[in-house]
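The task is to assemble the complex, starting from two chains supplied on their own in separate frames and drawing on the hints.
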Amino acid sequence: AQRVTQPEKLLSVFKGAPVELKCNYSYSGSPELFWYVQYSRQRLQLLLRHISRESIKGFTADLNKGETSFHLKKPFAQEEDSAMYYCALKGSSYKLIFGSGTRLLVRP
Amino acid sequence: KAGVTQTPRYLIKTRGQQVTLSCSPISGHRSVSWYQQTPGQGLQFLFEYFSETQRNKGNFPGRFSGRQFSNSRSEMNVSTLELGDSALYLCASSLTSGSSNEQFFGPGTRLTVL
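Chains A and B supply the protein sequences, listed in that same order. Counting in this note's numbering, the first sequence runs from 1 upward without gaps. Counting in this note's numbering, the second sequence runs from 1 upward without gaps.
A couple of the hints might just be wrong.
Short, incomplete list of chain B residues facing chain A, as computed with Cβ under 10 Å [what the hints assert, rightly or not]:
no., residue
1, VAL4
2, GLY58
3, GLN103
Keep in mind that the hints were calculated from the coordinates and are not lab data. We treat Cβ as the ideally placed atom computed from N, Cα and C, and that holds for glycine.
So that you can see chain B by itself, here it is in the shape it has in the complex (with noise of 0.2 Å):
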């Protein structure tokens, strides 16, 4: 089974831009989480989609969205870049919402704000 897969794993982008992530989750998952790591902040918890509604939201600006398809595939998008916002974000899927179930982590996509 494929594992989870985020693209691109690069991104240059500067200051006042916008960005698209993508995140294809395990076939069969229908819930994908999305975080954020920095070496300051650590790892910390963006969203969580489940069945297109988001049922989780963690403390990030509204410049940060997300969405998530009928094929359980999601995408993440931050506007107005701010050179803060340079970090490792990962998308993770599980088969459901909630509960223990075990989530299963992607490569990550790497932005950079100049």
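Chain A with its partners taken away, still in its complex shape (with noise of 0.2 Å):
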């Protein structure tokens, strides 16, 4: 079965400070990855993918198929990237399939 596992609801840090945001996933073939994310009053919208190996706003995630993870890491938090953050996964049906998200709250 095709899941995705966010295990944090809230995570608070300080402006400055890393933050990792943990997304794992449970596919048996060869999935793609995205990070999504709402900012208040905003749409939802794509931060990143894994294919793309790229580093958006500060972001960026690597995948790890051994651990099956990919999170999300940024090494010094900004106010403005407080946000929710959503994980999600497409298999083989295309699908995507989202985390319960993860909320993230940098304060000053």
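Right, dumping it as structure tokens:
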């Protein structure tokens, strides 16, 4: 079964601190993994995808197939990073399966 | 380029009624997916339409149905509404179906069932 687990509902850090949002997945094949973000009163939008291997707004995420993880990291959190973050998986059926989301709160 | 639009933005219905939600994708996008978002279940995939054909379906009862028109606009219908259908319904469009196409989300329709 395809499943995405985000163990933390809320992650609170101070500005300038490192951030790691955890995501673990369950999928037997080669998944495509994504991070979506929803800022307050804005639409859900794509932050990054693992195949692009890019850094967006200072965030990076590495696919670890051995640990079936796709954690989102940023070395120095900014207040504007406060948002809801969703990890998502797309398997062979091309359905997008979302995790339950983690709310990141960056305090000044 | 205009984003994905959804109408209506808010809707209040009573149990047993039916409802139709509309989604207009970004111009040129041919795939439309629908999701239900609730505090308890999070974001759940409902179905995807591409070129007027349903390509994928999530684990929802048959009361949930949809369709896509030749201009790629899509509608979602829920019949015999239940209290548990209260949710934010999101629509997302992408250029084509499958693979790594980025999905662009609409603002959602907030459905409240009384």
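Structure-based check of each hint:
Checking VAL4(B) against chain A by beta carbon gives a least distance of about 8 Å; that is within 10 Å, so the hint holds. With 10 Å as the threshold, the beta carbon of GLY58(B) comes within range of chain A, its nearest partner Cβ sitting at about 7 Å, so the hint holds. Given the 10 Å rule on beta carbons, the hint for GLN103(B) holds: about 7 Å separates it from the nearest Cβ of chain A.
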